[in-house]
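Residues per chain are reported as follows:
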Amino acid sequence: MTSYERMQNILRRKPVDRIGLYEHFWGDTHKKWTREGHLKEGEPVDDHFGFDLMECWPFNLVARLDFKPEVVEETEETILTRDGNGALLRRHKLHDATPEHVDFLVKDRRLWEEHVKPFLLPQRERINFEAYRNVKRAAREKGRFFVWSGVNVFELMHPVCGHEAMLMGMLTDPDWIKDMVKTYSELTVSLMEILFAEEGDPDGVWFYEDMGLKARPFVSLDMYRDIILPGHRRTIDFAKSRGLPVIMHSCGYVAPLVPGMIEAGIDCLQVIEVKAGMDLVQLYKDFGDRLSFMGGIDVRVLYSNDKGLIEQELSSKIPIVKRGYGYALHSDHSIPDQVEYDSYRFFVERGLELGHY
Amino acid sequence: MSTELLKEIATCIERGKVNAASPYPPDMKGKEGADELVKKALDQGIPASEILEKALIVGMSAIGQKFSRNEVFVPDVLMAAKAMQAAMKHLRPFFDSGEAKHRGTFIIGTVQGDLHDIGKNLVAMVIEGGGYKVVDLGVDVSPEKFVDAVKQNPGASVGLSALLTTTMINMEKTVKLVKEAMPGTKVIVGGAPLTQEFADKIGADAYSPDPQGALEFLNRTN
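Just so you know, the protein sequences line up as chains A and B, in that order. Our numbering numbers the first residue of the first sequence as 203 and each following residue consecutively. Our numbering numbers the first residue of the second sequence as 508 and each following residue consecutively.
To be clear, the hints were calculated from the coordinates, so they are not data collected in a lab. Each hint should be verified, as a subset may be incorrect.
[What the hints assert, rightly or not] Below, a list of computed lysine to aspartate or glutamate pairs in the EDC-like style, where the Cα atoms sit at most 20 Å apart:
hint: 1; chain 1: B; residue 1: 573; chain 2: B; residue 2: 557
hint: 2; chain 1: A; residue 1: 384; chain 2: A; residue 2: 401
hint: 3; chain 1: B; residue 1: 680; chain 2: A; residue 2: 279
hint: 4; chain 1: B; residue 1: 652; chain 2: A; residue 2: 377
hint: 5; chain 1: A; residue 1: 442; chain 2: A; residue 2: 278
hint: 6; chain 1: B; residue 1: 708; chain 2: A; residue 2: 508
hint: 7; chain 1: A; residue 1: 416; chain 2: B; residue 2: 543
hint: 8; chain 1: B; residue 1: 573; chain 2: A; residue 2: 381
hint: 9; chain 1: B; residue 1: 536; chain 2: A; residue 2: 375
hint: 10; chain 1: A; residue 1: 233; chain 2: A; residue 2: 219
hint: 11; chain 1: A; residue 1: 384; chain 2: A; residue 2: 332
hint: 12; chain 1: A; residue 1: 233; chain 2: A; residue 2: 207
hint: 13; chain 1: A; residue 1: 384; chain 2: A; residue 2: 412
hint: 14; chain 1: A; residue 1: 416; chain 2: B; residue 2: 550
hint: 15; chain 1: B; residue 1: 538; chain 2: A; residue 2: 428
hint: 16; chain 1: B; residue 1: 652; chain 2: A; residue 2: 439
hint: 17; chain 1: B; residue 1: 547; chain 2: B; residue 2: 511
hint: 18; chain 1: B; residue 1: 536; chain 2: A; residue 2: 249
hint: 19; chain 1: A; residue 1: 416; chain 2: B; residue 2: 511
hint: 20; chain 1: B; residue 1: 652; chain 2: A; residue 2: 424
hint: 21; chain 1: B; residue 1: 596; chain 2: B; residue 2: 578
hint: 22; chain 1: A; residue 1: 344; chain 2: A; residue 2: 401
hint: 23; chain 1: A; residue 1: 319; chain 2: A; residue 2: 381
hint: 24; chain 1: B; residue 1: 683; chain 2: B; residue 2: 723
[Stated by the list, open to error] Facing chain B, a subset of chain A residues (Cβ under 7 Å, in silico):
hint: 25; residue: 422
hint: 26; residue: 423
hint: 27; residue: 424
hint: 28; residue: 483
hint: 29; residue: 484
hint: 30; residue: 485
hint: 31; residue: 511
[To be verified] Selected chain A positions facing chain B (Cβ under 10 Å, derived; list incomplete):
hint: 32; residue: 366
hint: 33; residue: 372
hint: 34; residue: 416
hint: 35; residue: 518
Glycine included, every Cβ here is placed at the ideal spot set by N, Cα and C.
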């Protein structure tokens, strides 16, 4: 089977030759493995390991497209900038990490309506047509499954107003948060319509949403259903209307939200973060008839660099979760540079060996 | 009378009723909140320490325990903390003057290299609500900065947070330096990639998966 055919079937839980393969890496890992000579200079990891998917993130949903990020403060290690959403972000200069959101211009409905909402228009400038076209073409040439990737409403709202205002707003002014959800989901669909009409459909859609903390989601299932789900459903329905399967990423413990995500229409849950409390085998038992999975292999075991432990982790999960044909091998987050190349190589080879049918 | 008022304040904290103007929670709309009721309690002569112990800590403890049991979620804890802040605004002068005392001091920060703060902030809110003075060092905090804070706050306990597997390794150095600088200092660690096993390995005194666990540890050791 080609990677394209394999992922088409995995996302629909139809028979395949083996489980799928994909991964995310911290940028430092790629650099280290290249420096050590395991990867050639500029060699993509997806080619090196033979991943089944290729992704493109073609949208820019920042409010002020014309805003030039201004540097507010710079130290030897960090840089503080104001972005086009009016948010102050601190980034690390020396290594890869999620930026810290220091402060936000938008703190309530009035400021959202004044400073952000009017700018969220479906402009062509928000779409990187060329990047989408190039990755799509490359995926075709390599026989891989090509996905449009981007964030969905939860991950679009908090960079504008912060987690705290967003989460408290869900209680104190739910109509404001619902308005943000509606605005961003409609904008996403409008931009997808423009892009797909001009450049053709992808093979699938992948939404990134970080809705969990350790051992608990940010919000209850009821609150998810009331406030977030309508945005997920709107964007997922659009993908489904074009016959595209949908992968949903979430870090953290989101098991209580899975029934809601299934109602929203997702086909595959990724990344299943073990260290936050997610249990791949249990999720398979509970939802494997309705959902495919990608991830759920404890990255802490990988950076132990102990092949015995990696073998144990893989053999305790893969023979079970591959049964329904709906599984793709992936760690439970991203591969840090503490993982030795040989450990990751073993993880891939042994994982796929166990994952053959 | 004062017992009833303290109960009302505790309810406002637990339910996140900040003040009379706050529309949340809907079933308490138009009623006085933590802001007004704490002022009223002080006006009635109830000591600040009694308001803290019998109302604020009671309310925050109730929400913290519910959070631990997954009966409430992050928005509810944030609202409770907001109500707590509204109440503390009136009590702070009594703590500053020494008339009322905190249960102890808790220094908290996200370790060097890590810029995540949601989990750390939640822990700080619940600990403050538990009656402790919180010294929040923010994110990306170097081991040396923790040591300085410990020296400036003798007897304080320390909380270290990390979200990333790539940064939790920085905890070990911080624990070592803090314990060297101020032997006997209690250090508790938390964050997504952490486990009790890791906490034991790096010499931390405790690990907690949630804010309430951290508060209970402080209550046991202070």
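Kindly indicate which numbered hints from before are broken by the structure, ordering the numbers from low to high.
1, 2, 4, 5, 7, 8, 10, 11, 12, 14, 15, 16, 18, 19, 20, 21, 24, 26, 27, 28, 29, 30, 31 and 35
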